[in-house]
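Chain order of the listed sequences is V and B.
The opening residue of the first sequence carries number 1 in our numbering; numbering runs sequentially from there.
The opening residue of the second sequence carries number 191 in our numbering; numbering runs sequentially from there.
Treat the hints with caution; some may be incorrect.
In silico lysine-lysine, PhoX-like type, Cα no more than 25 Å apart, as pairs [stated by the list, open to error]:
(1) B:Lys302 - B:Lys374
(2) V:Lys77 - V:Lys160
(3) B:Lys341 - B:Lys368
(4) B:Lys302 - B:Lys264
(5) V:Lys3 - B:Lys374
(6) V:Lys178 - V:Lys112
(7) V:Lys74 - V:Lys160
(8) V:Lys8 - V:Lys62
(9) B:Lys350 - B:Lys267
(10) B:Lys350 - V:Lys8
(11) B:Lys267 - B:Lys302
(12) B:Lys252 - B:Lys311
(13) B:Lys368 - B:Lys350
(14) V:Lys112 - B:Lys294
(15) V:Lys121 - B:Lys198
(16) B:Lys267 - V:Lys184
(17) V:Lys178 - B:Lys294
(18) V:Lys160 - B:Lys252
(19) B:Lys192 - V:Lys2
(20) B:Lys193 - V:Lys160
(21) V:Lys178 - B:Lys374
(22) B:Lys302 - B:Lys252
(23) B:Lys368 - V:Lys8
(24) B:Lys294 - B:Lys311
(25) V:Lys3 - B:Lys350
(26) V:Lys2 - B:Lys341
(27) B:Lys374 - V:Lys160
(28) V:Lys151 - V:Lys112
(29) V:Lys121 - V:Lys62
(30) V:Lys160 - B:Lys350
(31) B:Lys374 - V:Lys74
(32) V:Lys3 - B:Lys302
(33) V:Lys104 - B:Lys198
(34) V:Lys151 - B:Lys252
(35) B:Lys302 - B:Lys341
(36) V:Lys77 - V:Lys112
(37) V:Lys112 - B:Lys302
The set of hints was computed from the structure by calculation and includes no laboratory data.
Protein chains: 2
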Amino acid sequence: MKKSIGAKIPIYPAPVWVIGTYDEAGNPNAMTVSWAGICCSDPPAIAISLRQSTYTYGNILKRRAFTVNIPSEKYIKEIDCLGMVSGRNVDKFALTGLTPVGSKLVDAPYIKEFPVILDCKLLNISEIGLHTQFIGQILDIMVEENCADEKGRPDLLQIKPLLMANLSYYHLGEIIGKCYTFGKDLYAPK
Amino acid sequence: MKKSIGAKIPIYPAPVWVIGTYDEAGNPNAMTVSWAGICCSDPPAIAISLRQSTYTYGNILKRRAFTVNIPSEKYIKEIDCLGMVSGRNVDKFALTGLTPVGSKLVDAPYIKEFPVILDCKLLNISEIGLHTQFIGQILDIMVEENCADEKGRPDLLQIKPLLMANLSYYHLGEIIGKCYTFGKDLYAPK
Chain V
1 MKKSIGAKIP IYPAPVWVIG TYDEAGNPNA MTVSWAGICC SDPPAIAISL RQSTYTYGNI
61 LKRRAFTVNI PSEKYIKEID CLGMVSGRNV DKFALTGLTP VGSKLVDAPY IKEFPVILDC
121 KLLNISEIGL HTQFIGQILD IMVEENCADE KGRPDLLQIK PLLMANLSYY HLGEIIGKCY
181 TFGKDLYAPK
Chain B
191 MKKSIGAKIP IYPAPVWVIG TYDEAGNPNA MTVSWAGICC SDPPAIAISL RQSTYTYGNI
251 LKRRAFTVNI PSEKYIKEID CLGMVSGRNV DKFALTGLTP VGSKLVDAPY IKEFPVILDC
311 KLLNISEIGL HTQFIGQILD IMVEENCADE KGRPDLLQIK PLLMANLSYY HLGEIIGKCY
371 TFGKDLYAPK
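Between the sequences and the hints, there should be enough to build the whole structure, so can you do that?
Below, the structure is given as structure tokens:
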């Protein structure tokens with residue numbers, strides 16, 4: 001039997017992404033987000049949600065750009081720390097020892113140590129409530145060579161991305177199998 | 191060293207959610223989506239992206255409501271099948287043997303067999319490109335009793351949700367630990 005628990009945020013594994021931006025003075029900032037996801041295949045685009053009070057919020061509005069940095073779980077201390085403090089008060093790169101590098105394509109820094117980087121141009125803004133959603137068009141993806149498969153694509157088993165749910169971090173588990181194979185037991189196209 | 195792979199959709203683990211809707215005639219439909227995520231804490235809201243060609247797209251526009259059904263991996267055949275065929279041509283509930291139940295709160299059906307159900311009212315629509323993003327306000331969450339923790343909240347280790355990346359399904363891995371604990375090694379608030 002199902003029980004109602006009211007209008008809440010589902011305790012579902014969400015991504016752990018780090019957003020790179022420049023402030024008005026050109027100082028790099030980085031912030032961990034989880035209210036985020038892929039939102040379009042063509043143009044390739046992702047959506048991230050931020051509270052208006054964050055430093056990153058103002059940075060994206062001014063610079064119209066950001067990077068999405070997909071971290072490996074070995075940086076869990078740094079990732080966690082980037083979600084604990086505001087760039088308004090602290091130089092988060094100095095604090096964590098991570099290295100900002102200017103993107104060649106957009107007006108935002110990326111994090112050298114993280115294996116997958118998305119250069120994003122601001123496409124759309126939706127005010128929802130406590131959070132504002134920013135949609136970014138992906139102009140390029142960069143992948144660290146030792147985290148790429150034979151075709152150069154991100155290899156999740158090498159990247160070891162984090163997931164977040166109910167204020168805990170989770171590992172990604174093993175592969176089960178390919179999409180559009182399991183359903184053939186129930187439906188065989190003619 | 192990092193290598194560019196161009197403007198693509200990142201091969202990142204994405205959620206596997208099933209969207210429940212009614213068509214104009216009142217027939218229930220269900221569709222698997224992965225371009226999706228949480229987008230606001232207050233009001234609690236989620237975003238899902240659909241191609242305009244899907245049957246679900248028209249259903250949401252007409253009914254202004256949908257359910258998000260978070261499945262357990264034991265239903266992988268049914269979940270996969272719901273992403274392979276269109277409700278325009280096939281009664282997907284008859285095909286899979288899943289059971290549609292009318293939501294008490296919104297004009298949409300949910301799937302009886304799935305452990306976590308979100309009743310969503312359409313809040314906003316963004317045309318992005320190939321995909322259109324629908325933002326739904328969560329009016330209630332229902333959780334199957336054997337998938338709830340002692341506080342009634344969804345227990346991910348019981349639910350066993352699926353993740354999707356690079357057209358493969360993944361298990362969720364084990365818990366690593368609580369957020370805002372790892373970062374304390376780098377930053378101690380005064």
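A quick look at each hint next to the structure:
no.: 1; hint: B:Lys302 - B:Lys374; verdict: violated (43 Å)
no.: 2; hint: V:Lys77 - V:Lys160; verdict: holds (15 Å)
no.: 3; hint: B:Lys341 - B:Lys368; verdict: holds (17 Å)
no.: 4; hint: B:Lys302 - B:Lys264; verdict: holds (14 Å)
no.: 5; hint: V:Lys3 - B:Lys374; verdict: violated (37 Å)
no.: 6; hint: V:Lys178 - V:Lys112; verdict: violated (32 Å)
no.: 7; hint: V:Lys74 - V:Lys160; verdict: holds (8 Å)
no.: 8; hint: V:Lys8 - V:Lys62; verdict: violated (32 Å)
no.: 9; hint: B:Lys350 - B:Lys267; verdict: holds (15 Å)
no.: 10; hint: B:Lys350 - V:Lys8; verdict: holds (20 Å)
no.: 11; hint: B:Lys267 - B:Lys302; verdict: holds (16 Å)
no.: 12; hint: B:Lys252 - B:Lys311; verdict: holds (12 Å)
no.: 13; hint: B:Lys368 - B:Lys350; verdict: holds (19 Å)
no.: 14; hint: V:Lys112 - B:Lys294; verdict: violated (50 Å)
no.: 15; hint: V:Lys121 - B:Lys198; verdict: holds (14 Å)
no.: 16; hint: B:Lys267 - V:Lys184; verdict: holds (8 Å)
no.: 17; hint: V:Lys178 - B:Lys294; verdict: violated (35 Å)
no.: 18; hint: V:Lys160 - B:Lys252; verdict: violated (41 Å)
no.: 19; hint: B:Lys192 - V:Lys2; verdict: violated (48 Å)
no.: 20; hint: B:Lys193 - V:Lys160; verdict: holds (18 Å)
no.: 21; hint: V:Lys178 - B:Lys374; verdict: violated (39 Å)
no.: 22; hint: B:Lys302 - B:Lys252; verdict: holds (23 Å)
no.: 23; hint: B:Lys368 - V:Lys8; verdict: holds (20 Å)
no.: 24; hint: B:Lys294 - B:Lys311; verdict: holds (12 Å)
no.: 25; hint: V:Lys3 - B:Lys350; verdict: holds (18 Å)
no.: 26; hint: V:Lys2 - B:Lys341; verdict: holds (14 Å)
no.: 27; hint: B:Lys374 - V:Lys160; verdict: holds (22 Å)
no.: 28; hint: V:Lys151 - V:Lys112; verdict: holds (22 Å)
no.: 29; hint: V:Lys121 - V:Lys62; verdict: holds (12 Å)
no.: 30; hint: V:Lys160 - B:Lys350; verdict: holds (19 Å)
no.: 31; hint: B:Lys374 - V:Lys74; verdict: holds (15 Å)
no.: 32; hint: V:Lys3 - B:Lys302; verdict: holds (12 Å)
no.: 33; hint: V:Lys104 - B:Lys198; verdict: holds (17 Å)
no.: 34; hint: V:Lys151 - B:Lys252; verdict: violated (43 Å)
no.: 35; hint: B:Lys302 - B:Lys341; verdict: holds (22 Å)
no.: 36; hint: V:Lys77 - V:Lys112; verdict: holds (16 Å)
no.: 37; hint: V:Lys112 - B:Lys302; verdict: violated (46 Å)
The structure fails hints 1, 5, 6, 8, 14, 17, 18, 19, 21, 34 and 37 (numbered hints given earlier, in ascending order).
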